[in-house]
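Can you build the whole structure from these sequences, using the hints too?
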Amino acid sequence: DVKVTQSSRYLVKRTGEKVFLECVQDMDHENMFWYRQDPGLGLRLIYFSYDVKMKEKGDIPEGYSVSREKKERFSLILESASTNQTSMYLCASSTTGGYDGYTFGSGTRLTVV
Amino acid sequence: KNQVEQSPQSLIILEGKNCTLQCNYTVSPFSNLRWYKQDTGRGPVSLTIMTFSENTKSNGRYTATLDADTKQSSLHITASQLSDSASYICVVSARTGGGNKLTFGTGTQLKVEL
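Going down the list, the protein sequences come from chains A and B. Each number in my numbering comes from the position in the first sequence (counting from 1) with 630 added on. Each number in my numbering comes from the position in the second sequence (counting from 1) with 182 added on.
If you are wondering where the hints come from, they were derived from the structure by calculation, not from laboratory data. Remember, it's a predicted structure, so these values are computed and weren't measured experimentally. There's no promise every hint is true.
[What the hints assert, rightly or not] Simulated restraints on C-beta separations:
(1) A:T635 / B:P190: 32 to 38 angstroms
(2) B:G223 / A:G646: 22 to 28 angstroms
(3) A:N714 / B:G223: 16 to 22 angstroms
(4) B:A276 / A:L671: 33 to 39 angstroms
[Claimed, not checked] Below are the DSS-like pairs computed for lysine-lysine, each with C-alpha atoms no more than 27 angstroms apart in a straight line:
(5) B:K239 / A:K633
(6) A:K687 / B:K283
(7) A:K685 / B:K283
(8) B:K283 / A:K700
C-beta: ideal position from N, C-alpha, C; glycine also.
Shown next as structure tokens:
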């Protein structure tokens, strides 16, 4: 069964901490994405990557960075966590163009205190 | 601006009953429309996908319709079960030079009760 795996289901971090969210896919997909999901706002795109070492800003990149050193792994980094980054974070992957759809991970619920 | 609006925002029905969720969109150029089911605390899982030329697609007790002229879609759930309790998200893709760009609705929260 193909899969997108996020390393943590729940995380609690303190304000100012550096936070790493990890995502691994086993489908050999070219594209990988990071979204955050907040009540009433739907999913919003933070960053995406269409190839190793390539990255593109999404709609809300401020306060975040990403790393893609290997095709199967896409990391989201919060350089200095803030309380307004408390959210559900979803990783997704797709083939080039995304025409076959996106496969989502189970999500990481991050709480910044 | 591309937008996807879903209604109702939330819905409570009794087990065994049918229900219909709505999705209106203003996305162009249209590529495809998907319905996702998202259980609480989990990632979204694809239920159906429809392209411009398709107007009905079924997946078990789930049937999605698409009217590309009016830019409306619906998701009909037949003989609801407790496990259908979830958020249902409509996602519309716009075809761009670099691939598909997704616009997400905010979802309909469905609760099925005994």
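Between K687 of chain A and K283 of chain B, does the CA-CA distance stay at or below 27 angstroms?
Roughly 13 angstroms separates the two Cα atoms, so the pair holds.
Please check whether N714 of chain A and G223 of chain B have a Cβ separation lying inside 16 to 22 angstroms.
holds (21 angstroms)
Is the hinted pair K239 of chain B and K633 of chain A satisfied, with a Cα-Cα distance of at most 27 angstroms?
holds (24 angstroms)
Hint check for G646 of chain A and G223 of chain B - Cβ pair distance inside 22 to 28 angstroms
Because 27 angstroms falls inside the window, the suggested range holds.
Supplied distance hint 32 to 38 angstroms, evaluated on CB atoms of T635 of chain A and P190 of chain B
For P190 of chain B against T635 of chain A, whose Cβ atoms are near 34 angstroms apart, the range 32 to 38 angstroms holds.
Against the 27 angstroms threshold, does the CA-CA distance of K283 of chain B and K700 of chain A hold or violate the hint?
The hint holds at about 23 angstroms.
Would the hint linking K685 of chain A and K283 of chain B be met if the CA-CA limit is 27 angstroms?
holds (15 angstroms)
Can you tell me whether the CB distance of A276 of chain B to L671 of chain A sits inside 33 to 39 angstroms?
violated (19 angstroms)
Consistency with the previously given hints fails for number 4 only.
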